[in-house]
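Protein chains: 2
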Amino acid sequence: MSVLVVGSLALDTVRTPFGTVTDALGGSCAYASVSASHFAPVSIAGVVGGDFPKDHMKLFARRHIDTKGVEVDQSGRTFRWRGYYEYDMNQAHTLETQLNVFAAFKPKIPPPLDRSPFVMLGNIDPDLQLDVLERIRKPRLAMVDTMNYWIEGKQSQLMKVIRRCDIVLLNDAEARMLCDTVNLQVAAKQLLKLGLKRVIIKKGEHGCLMFSKNDFFTAPAFPLELVKDPTGAGDTFAGGFIGYLASAKKLDENAFRQAVIAGTAMASFTVEDFSLNRISRLRPAEITARCRRLHRHTRFPEVKL
Amino acid sequence: MSVLVVGSLALDTVRTPFGTVTDALGGSCAYASVSASHFAPVSIAGVVGGDFPKDHMKLFARRHIDTKGVEVDQSGRTFRWRGYYEYDMNQAHTLETQLNVFAAFKPKIPPPLDRSPFVMLGNIDPDLQLDVLERIRKPRLAMVDTMNYWIEGKQSQLMKVIRRCDIVLLNDAEARMLCDTVNLQVAAKQLLKLGLKRVIIKKGEHGCLMFSKNDFFTAPAFPLELVKDPTGAGDTFAGGFIGYLASAKKLDENAFRQAVIAGTAMASFTVEDFSLNRISRLRPAEITARCRRLHRHTRFPEVKL
Numbered sequence: 014m015s016v017l018v019v020g021s022l023a024l025d026t027v028r029t030p031f032g033t034v035t036d037a038l039g040g041s042c043a044y045a046s047v048s049a050s051h052f053a054p055v056s057i058a059g060v061v062g063g064d065f066p067k068d069h070m071k072l073f074a075r076r077h078i079d080t081k082g083v084e085v086d087q088s089g090r091t092f093r094w095r096g097y098y099e100y101d102m103n104q105a106h107t108l109e110t111q112l113n114v115f116a117a118f119k120p121k122i123p124p125p126l127d128r129s130p131f132v133m134l135g136n137i138d139p140d141l142q143l144d145v146l147e148r149i150r151k152p153r154l155a156m157v158d159t160m161n162y163w164i165e166g167k168q169s170q171l172m173k174v175i176r177r178c179d180i181v182l183l184n185d186a187e188a189r190m191l192c193d194t195v196n197l198q199v200a201a202k203q204l205l206k207l208g209l210k211r212v213i214i215k216k217g218e219h220g221c222l223m224f225s226k227n228d229f230f231t232a233p234a235f236p237l238e239l240v241k242d243p244t245g246a247g248d249t250f251a252g253g254f255i256g257y258l259a260s261a262k263k264l265d266e267n268a269f270r271q272a273v274i275a276g277t278a279m280a281s282f283t284v285e286d287f288s289l290n291r292i293s294r295l296r297p298a299e300i301t302a303r304c305r306r307l308h309r310h311t312r313f314p315e316v317k318l
Numbered sequence: 014m015s016v017l018v019v020g021s022l023a024l025d026t027v028r029t030p031f032g033t034v035t036d037a038l039g040g041s042c043a044y045a046s047v048s049a050s051h052f053a054p055v056s057i058a059g060v061v062g063g064d065f066p067k068d069h070m071k072l073f074a075r076r077h078i079d080t081k082g083v084e085v086d087q088s089g090r091t092f093r094w095r096g097y098y099e100y101d102m103n104q105a106h107t108l109e110t111q112l113n114v115f116a117a118f119k120p121k122i123p124p125p126l127d128r129s130p131f132v133m134l135g136n137i138d139p140d141l142q143l144d145v146l147e148r149i150r151k152p153r154l155a156m157v158d159t160m161n162y163w164i165e166g167k168q169s170q171l172m173k174v175i176r177r178c179d180i181v182l183l184n185d186a187e188a189r190m191l192c193d194t195v196n197l198q199v200a201a202k203q204l205l206k207l208g209l210k211r212v213i214i215k216k217g218e219h220g221c222l223m224f225s226k227n228d229f230f231t232a233p234a235f236p237l238e239l240v241k242d243p244t245g246a247g248d249t250f251a252g253g254f255i256g257y258l259a260s261a262k263k264l265d266e267n268a269f270r271q272a273v274i275a276g277t278a279m280a281s282f283t284v285e286d287f288s289l290n291r292i293s294r295l296r297p298a299e300i301t302a303r304c305r306r307l308h309r310h311t312r313f314p315e316v317k318l
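Residue numbers (our numbering), protein chains in the order written: chain F, 14 to 318; chain Y, 14 to 318.
Do not take every clue at face value.
Treat identical chains as interchangeable: a pair holds within one or across any two.
[Claimed, not checked] In silico DSSO-like cross-links for lysine-lysine, where the CA-CA straight-line distance does not exceed 30 Å:
#1 Lys81 with Lys262
#2 Lys81 with Lys173
#3 Lys317 with Lys262
#4 Lys173 with Lys206
It should be emphasised that the hints constitute simulated quantities derived from the structure, not laboratory data. Given the structure is predicted, the values throughout are model-derived calculations rather than measurements.
Input sequences plus hints: build the corresponding full structure.
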């Protein structure tokens, strides 16, 4: 089945201890859609300016991503993010955010995208996320990602979005902030009470936790000796996760766990290079191999006394 | 087979958001030995003062821990640690450390303890750890734990100890400090080059990583909604780990992985109460149940594209 990804399409200028890129393809929609495209058919909805490089659109075409939902505002400039990382790659330092065409963005969801069975709401203004939910038929599975900025500034709108979704994706700091507790188990329980089917808490290099009413799953990150640029890791995880689910025969606990592993593997590729350089060129065998290694890293026989 | 645990026996005064204890049983040797005693016969070597409560010695007796190697310095006072935790339980704040009888401690390893097949060198001065290694016949497996204080102050002696052991146990900050890198994979590789068989990096609530030349294993922490007092979690992990190995038929990769899980389960009990209150009264079925839950939290079917 197909996935609709709504989010930002950005031109990122990023510096890390391992190099710099200028106006590289970025944004939650770009990372999540390219990641999902390795598993299922994908459509995207977003906005770019007249300056958005044709090569970036070609990259989506190469991944067979449907861009009918991408509005091109010829008179405007594309959303831009400029930032850097120091040796502690867990911390992004923002130097500049230019909303540009994103400031007046109203998502258009042309048919048949409004009937997509799997919907990923990337990290954008909760008002826009609500707007998207209004424009589509209730999907089989809707997932929402967000960030501290919206938790601080638009918490009530964000809560409305969360209540209408099946899965919420947060990092550990965001979960603690949103639920006002240091304990992630307590935070997840609170969120599940809102009616969510699953809560996923991303912990960067420490992997992630997936909570549901009756189950709990914990996955490590894929161990890497070199992380070149962590930008987009969370969005890539989200895309791999929902893409895998869209390809699954049955949405049971096992499928959700496999989806977490698929997302984890995809995120590990993203951070090995700048922008989407690595994940836009992946072969299926590379993904399978990394999932298999995650399996080997975690299995153990039952312990009996 | 039997385990010898050498380390500190302490009287801890600890305050956390959930309460306070005064002069409670603590120290690396206490936590590790009681933890190990759930899996294998255990002996301990350490020193206490004339003020060491008889009830604490009785606790060891109840766990069938051999205390022949415990020197009682009637004229002195027991080693004391006083500290507190705030809501972020990952950070211990030390208010006072009184070495007392520990200042002049020279480990005595009376026979047959000097022929113990499994040896755990708890976090004490590396000079004392070396001294212990001089006094014992080369064990089947020697494991060393340490802390940032010795990495800063006695790095060359510590490196001598590490070179003579099979396994080193560090937390993530210590591994980064000792190997001068932010990347834990890189740190572990460096340490393995010293001739160690295994490197275990503890990450508190994020679980732990076990590295060997050909394998890599990652285990989550046991999820808890309430942590009352994190004191001793690392030592409890170490004790459960080496205790499990001493009970294993074969020291293969599976046994080491099961040992990590056993240590993880034990540590999760320790932090649920102050001092050794929880782990001194555990039933085998409780330990098995928690190991089984860790198994359920981590397993997933292989992912194929």
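Starting from the hint list further up, note which numbers the structure goes against and sort them upward.
Going through the list in order, the structure violates no hint and respects every one.
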